[in-house]
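Assemble chain B onto chain A, guided by the hints.
These are the residues of each chain, in order.
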Amino acid sequence: MAYSDLNAGFRLLNAGNGNELQTGTLYSSGSVAFSPDSQLLAVGTFDRNLMLYRTTDGSPHLSLEHATVSVAFNPDATIVATFGEDLYLWDTSTSRLLATYAVPNNVEELAFTGDGSGILTVASNEVQLWQVDPTASSGTVRCPGFMESRLTASSQARVMPGLPNNLRAEPHSDAEELGEIPSGGTMTVITGPVCANNLPWWQVNYGGLVGWTAEGYGDEYWLEPVG
Amino acid sequence: MKQLRYLVLLLLLPVAATVSAQQSSTPITTNNAAQLTLTATWNPSGDSCVKFSHDRHTMLINDGSQLRFYDLTQQGQESHTLTGAYRCTIQFSPDGENLLVIAWDDVSLIDAATGDVLQTFAGHTDGVRSAAISPDNRYLATSQNYGIRLFDAATGALLQHYTQEANGNLIYGGAVTFSPDSMHLVAATRGGNLCMGHCNRLTGVATSRLQGRCQRHLQSRRNAHRGL
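For the protein sequence lines, the chains are A and B, in the order given.
As numbered in this note's numbering, residues 15 to 241 make up the first sequence, in order.
As numbered in this note's numbering, residues 202 to 429 make up the second sequence, in order.
These aren't lab readings, by the way, just hints derived from the structure by calculation.
Cβ atoms here follow ideal geometry from the backbone N, Cα and C, with glycine treated the same way.
Watch out, some of these pointers could steer you wrong.
To be verified - Reference listing, derived: stretches of chain B covered by chain A, where coverage requires no fewer than 3 residues with Cβ under 8 Å from a Cβ of chain A:
# : region
1 : 255–268
2 : 274–286
3 : 372–386
If we strip away everything but chain A, and leave its shape as in the complex, we get (with noise of 0.2 Å):
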C-alpha cells in the first residue's frame, strides 16, 4: 500500500500490519506508481532522482539522476516511463536508457496502453497517443543533461582526439577504474546507454577489459561511432 501527499511526500506501508516500509519526497503528486505485477513502487523524488522500490521489503532497486513529473509502468513491468523535458523509457531490470521521444512541453500524466504498445502523454486540455517499440534498435536516447546519444549497443567507437577516457567498474563516476582508452582507441559497444552524473555511459569492451565509459559531456562528445 502507498500514500502520495505533495506536502508529506510518500509512504510505503504493509497493508497486513500497517509498518511503514519505505518513506520520502515527492517531485509532484503524479510522479509515484506501482508496477502493475505489484512488485515495484516507482517514485520521482523532490531532489530529482527517480527511484524504484522493492514492495516486499522497501529497499531501493535502483536510483536514476532525474526529475519526473509523472512514472508509468508498462503491462509487465519491464519499462517505466518519465517525463522530465522529454519522454524517456528505461528498463526497469538493468536502469538502461532504452528510448527519448520529444513531446510536448506540458505533459502532467503518463499512461501505457493495456497492450503496452502505446504510451499516452495527458496535459491540462490534449491528450496524445504514441505507438512505441523500444525494443527497436533504432530508437533515439538522450540522457537528461546530454545530447542525444550517437552509439549504439553491437558497434564500434572510438575515443575522440584529446584527453583519455576513463574505463569504470560501474556506470558511475565514482566506481573503481579499470584503466584508461587513449584517444583515437576503438573499442566494441556492448549496451547502455545507463544515465548517472549527467553522463551517457556504456558498456565496452576495449581489449579484452570490459567496463563502463561517457560517451561525453554537455555539449562535448568524448566517443564517437566508428563505420
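Positioned in the frame of chain A, the structure of chain B alone reads:
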C-alpha cells in the same frame, strides 16, 4: 449551496472538443520509433479530465459537456460519445463496462456504452468526497463527512455505514479504495488516520475491523491514496 454549485457548472460549459489524427510524430531524429496516432484536444474547464479503464483499453475525455470514448487497442480510434455535464469524479468500473458518477450527494452507476442509469446509491446527506468499486465489481464504497458507506454494487443496498474511528471520533472520510482481492476496504480520514476493514462478510467481528485497524500514520489533513 447545492444549487449554486450546479449553476457554476452550467456557466462553465465549454465548447466541444476537437480531435485530429496525425500521421507524423515530432521525433528528435528521423528514425525515432514512436508514431503519433492520436491528438485529442479540448477547451479546459473546471471539470475537464482524462480517465482510463482499469485494463487501459479504453480512454474517456470529459470536457465538461460530454464524454468522448477512445479505443486504445485500435490506436486511439474514437468509439462513441455521451452527452452530459459530468464531474471529474467520474470513473470506470473495474470491468470497464460501467461508469461511477458522483454529483454532490448523488451516486450512480451508468452504462458506459449507452449512458443509461443502472443503479443509484442513496442515503448520502452531504457531498461525497470519494468513491470506489471493488475489483470484483461486488461492492461500492463512498466517503463523506460523517462516515464511510459500503453498498452492494448490483442492488444498491447499503451493507454497512461506518461512522466512528476506533477512538470513538466521528469519521470525516477522505479517499477510499479496495485491496486488489476485494477483501479489504481502506479509507483515509481527515483526522489523519488510515482505516482498514474487512468487506467479507459484514457481520459480527468483521464489521468492527474498520475501527480496529485505524492507524495514525499521517499528520497532514490532505491525505490522498494512490491505490493499493
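Please verify the coverage claim for the region 372–386 of chain B: does it have three or more residues whose C-beta sits within 8 Å of some C-beta in chain A? holds (count 3)
Verify the coverage statement for the region 255–268 of chain B against chain A, using a C-beta to C-beta distance below 8 Å and requiring 3 or more qualifying residues. With 5 residues close enough to chain A, the hint holds.
Okay, the region 274–286 of chain B and chain A, do three or more residues pass the C-beta test at under 8 Å? holds (count 3)
In summary, the structure agrees with every hint in the numbered list given earlier.
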